[in-house]
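Those protein sequence lines, which keep their order, are chains A and B.
The first sequence begins at 49 in this note's numbering and counts up one residue at a time.
The second sequence begins at 64 in this note's numbering and counts up one residue at a time.
Derived from the structure by calculation, the hints contain no laboratory data.
Glycine is no exception: its CB is placed at the ideal position from the N, C-alpha and C atoms.
Each statement offered as a hint is correct.
Once the Cα atoms are required to be at most 20 Å apart in a straight line, the calculated EDC-like pairs of lysine to aspartate or glutamate come out as:
| hint | chain 1 | residue 1 | chain 2 | residue 2 |
| --- | --- | --- | --- | --- |
| 1 | B | 157 | A | 249 |
| 2 | B | 109 | B | 75 |
| 3 | B | 109 | A | 249 |
Taking CB as the label site, the calculated pair distances span:
| hint | chain 1 | residue 1 | chain 2 | residue 2 | range |
| --- | --- | --- | --- | --- | --- |
| 4 | B | 136 | A | 313 | 50 to 58 Å |
| 5 | B | 282 | A | 339 | 44 to 52 Å |
| 6 | A | 339 | B | 264 | 42 to 50 Å |
| 7 | B | 85 | A | 68 | 42 to 50 Å |
| 8 | A | 75 | B | 131 | 43 to 51 Å |
| 9 | A | 288 | B | 156 | 36 to 44 Å |
| 10 | B | 218 | A | 82 | 48 to 56 Å |
With the Cβ distance kept under 7 Å, some of the chain A side facing chain B (calculated, not the full set):
| hint | residue |
| --- | --- |
| 11 | 255 |
| 12 | 256 |
| 13 | 257 |
| 14 | 258 |
| 15 | 259 |
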Amino acid sequence: MKNRFNFGYFISEGFRSIFSHGLMSFAAVCMIVACLLIMGSFSLVAINADKMLSQAEDENEFLAFIDETYTDAQIQQLQNQVLELDNVDSVTFVTKEEAKDTYLEGHEDDGLYANIPDDVFRDRFSIHVVDLELFEQTVDQVRALPGIANIRAAGELAEGFVTVRNVATVIAVVLVLILAAVSLFIISNTIRLATFARREEIAIMKMCGATNSFVRWPFVFEGLMLGIAGALISFFAQWGIYTAIYRAVVANGAIGMFPLITFTDIWAQVLGIFMLAGALIGACGSGFAIRKFLQV
Amino acid sequence: MIRLIDVCKEYDNGTKALRGINMRIDDGEFVFLVGPSGSGKSTIVKLLTAEVTATEGRVMVNGYNLNNIRQWQIPYMRRTIGVIFQDFRLIEKKTVRSNLEFVMRIIGATPREMRRRIPYVLDLVGLGEKADVYPNEMSGGEQQRVAIARALINNPQMIIADEPTGNLDPQRSLEIMTLLERINSMGTTMLVVTHEKELVNRFSKRVVAIRNGELISDAQGGYYKYEKSV
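Same shape as in the complex, but just chain A (with noise of 0.2 Å):
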């Protein structure tokens, strides 16, 4: 008789085993559903500074304004050396009329700025950077530049966005670590809590020529049911958690300016990242706990 895959066999033990101790299983499962919520929050919130901070990226430029004893040839002269600094995108040349006119559209409505004289604005440069990140560099670069009068730039708003986003990356990295490392000592303890009373039922199949991996799968598959099962209640308490979170942002207006991700945008990734880290937990945790008993 050959050794065949006895996939509905490991199946049903493993679900077996997971009711025979209930209440650690019920552990397990909390644990792994405590640690994929907490890691799903934080990239949660990683993910939406990531998306404001591109947003922002999108529509960021900030202003140089030129010596206004600069000549055309000098202005041109300029505008390529600021184009030739690496964090820069894009370099438009604004003249002061131009300036003006963009002025008063904003103002459409006020007679006080009608006639307002075009000497007031300046010559600028209307500049695009490629990295928020260094976005504070690069205005230091183009300050430094001769020709160049003054600079206009709100470069807080992105360095705020960068820190919201490098924070949260960095916190649920570490959450993660630690939790998963928690998990997957529940879920071995629980394993191995299966392990310990089946035993001698181990002894008996080892002894009658089992193979290491049959003894092992049903536990594999009991680690993995535990993980699948703490992955969809963490995606339905997720979902609810951030749909919850997000109606109320919306209804204060919070972040008017950058409209936050909607969960059904991401769903299925979340879903997926959930169902795979819960499946490593449970498969890896329950492999650990077996390798002591399969030595007999």
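Put chain B on the given structure of chain A with help from the hints.
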């Protein structure tokens, strides 16, 4: 077939369990392995089932050289042996049928093969009507018959019975030994480890006696004969 050549076994704690054992058991033989407690009988069983390895000498079982057997080969070697224990070692929460299915599943038997083989083996051990009974609802003798059925179910070349009658009264012990003799007559090699003199003497079989880890007698005949010669 079993071959032990100059086998010594010393455990990690310094106990010398076996000292230069030489023994050969051919296919189809019925052999009693006798000796007092601590003589090394159980160590021989453990060597034959690859639970421990010999410190010196060579151990061959059913074509496998256990001195250099690879870890992955051990399960396949064990499938050539059926083991019966003194304390039966049945799974209490499974019925007799489930206990046997459990062992057949290990070797990848199909449900059809199980349906065909299990009634045959249960009839052989006289438990044809007890397939759906739980072990704790049976007598000691019946439980040992289930253990024998389990040892037989995968049709091994050899059965090693480690004190199979140790927990049974004389009448049940006789029945079990008669059953083992019958199974042997059908071609299965039988190695029975025991220290029950009267039982051994009722069967005219080969008796290998060991004491203090040394083989002191190997002959056809009863236990008493060995005792007189010491």
